[in-house]
Amino acid sequence: MRLLIISIIFCVFAIVIRGDDPYRFLTWNVTYGFIYPLGVRQQAILINGQFPGPDIYSVTNDNIIINVHNNLPEPFLLSWNGVQQRKNSFEDGVYGTTCPIPPGKNFTYIMQMKDQIGSFYYFPSLAFQKAAGGFGGIRILSRPRIPVPFPAPDGDFTVLIGDWYKANHKILETILEQGKMLKFPDGILINGLGSNGAWFTVKPGKTYRLRISNVGLRNSLNFRIQGHMMKLVEVEGTHTVQTTISSLDVHVGQSYSVLVTADQPPQDYYIAVSTRFTTQVLTTTGVLHYTNSRKPVSGPPPPGPTTDIQWSLNQARSVRTNLTASGPRPNPQGSYHYGQIKVTRTIKLVNLPGILNGKQRYAVNGVSFVPADTPLKLADYFNISGVFRPGSIPDYPPRGRGIHLDTSVMQADYRAFVEIVFENHENIMQNWHLDGYSFFVVGMDGGSWTPSSRRQYNLIDAISRSTTQVYPKSWTAVYVALDNVGMWNLRSEYWARQFLGQQFYLRVYTPVQSVRDEYPIPRNALLCGRAKGRSRSL
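Going by mature numbering (1 follows the signal peptide of the UniProt record, and there is no 0), the letters in the sequence shown line up with residues -19 to -1, 1 to 519, in that order.
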């Protein structure tokens, strides 16, 4: 009888929890299909027959269960750019943490949008599949009881922009494996479509939210709408100080939300997207279509900035956290006083290109990452020796040395508060992303970073995000509270460089094994490499 009562209480408790944290079930079928975005027939990765894939709609703390069926003739893996897998790097969806889904098999991702809001996207992370599509938008809405610092828009659009190649991703992958770099992309897509293919229909006088993500492979892009101003309101889960802008630089891997009001004469207007900081400028267009339009788009699209770094740097510095706005919880975003916390460690990361065995490689602090035969998180969980070495990448770039290959893992203590400095010695734009975390972008400037650079840090309302740009011959500094145990990928968003070694894993470690700090391995976790056949219960 007592056992029955306990069981009933547990069931009631579970129902209450489900009432606050609803479950959303999705089934995705991943296939190849043919598309014509740049006027030629090419093979792409489709999800449920769609390119781009379907949006994920959710609310803070929703549990998202996605049953992914891999109908490709090769392994497949999805990652969730900017969505923080709290205490659960097993679901992160990169090869260092998760086994790929074999051809003809399925895997169910189980994720909670824990204490998050905002705009993000998903993409295929394995090999060079990102160049074939398979990406889509993610939106996490605030719970109804949590106020949002702007009126509810009359519509909400996902806008996925990115550079694109006409060549098959397997051909591109082979070029990289041969130690050669890829040529400049062939074009830019908006929601998987070429020039004037993407239409966004609006009603006069209404205001719309555009969630803009750069899902491309290498190029920073400038986004603008002919005749319209935009109001920046959110960046990767953080409400911003609302500023009015005429155009917006969106660097690879980044996501922004802007509000646009249809307040111009009734006609169609260009949406223009063009490459930044490139001598060869690619431009594509979409259409903002008024329901009562009397005139189609015509003439040249509105011009945008191309190589001006200072303009972009000033815009980036102007993006600040709205300290009076709520985040996913009722307390204001600014209640976390990151500027008053003592930094326990400084990590300086420098990308180094080099030639190894006659092939082009890229390294971070002298180490060019090579994947192991077993996902690192599984090797860590099962105590499999010889897969990786904690500390195989240094905190600072070594002096006077070349680069070498290794499965680079940086050891970090749980609950540490860390300063990471990204220093770019090259004449190209670099972009860095850290899975499992958001960090405070406290400073960026030209030249080399020195300890005196800290005097210009923003220690009050710096934006919190998961992807940051580093301008040519410049540095960017971030603060991150290491409050999420696991094995987390820190990588370049320049995807060819990531493929050729510009990445490593941050092992956030605590010797105390507790579900308070980290969830156990999922019961449905795929096991591969040297973890194959192991028992999930230790």
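FYI, nobody ran anything at the bench for these hints, they're computed from the structure.
Keep in mind that a hint or two might mislead.
[Claimed, not checked] Ranges between beta-carbon positions, derived for each pair:
no.	residue 1	residue 2	range
1	G510	Q223	44 to 52 Å
2	Q261	Y317	13 to 21 Å
3	G510	G208	13 to 21 Å
4	D354	Q31	31 to 39 Å
5	R370	R515	19 to 27 Å
6	D394	D137	16 to 24 Å
All figures in this text were calculated on a predicted structure; none of them were measured in a lab.
Backbone N, C-alpha and C define an ideal beta-carbon position, used for all residues, glycine too.
Tested hints:
For G510 and Q223, the hinted distance range of 44 to 52 Å is satisfied, since their beta carbons lie about 48 Å from each other. With their beta carbons about 43 Å apart, Q261 and Y317 fall outside the hinted range of 13 to 21 Å. A hinted range of 13 to 21 Å is violated for the C-beta pair G510 and G208, which are about 55 Å apart. A hinted range of 31 to 39 Å for the beta carbons of D354 and Q31 is consistent with their spacing of about 34 Å.
Between R370 and R515 the beta carbons are some 21 Å apart, a value that agrees with the proposed interval 19 to 27 Å. For D394 paired with D137, a C-beta distance near 40 Å fails the hint of 16 to 24 Å.
Violation of the numbered hints given earlier is confined to hints 2, 3, 6; the remaining hints are satisfied by the structure.
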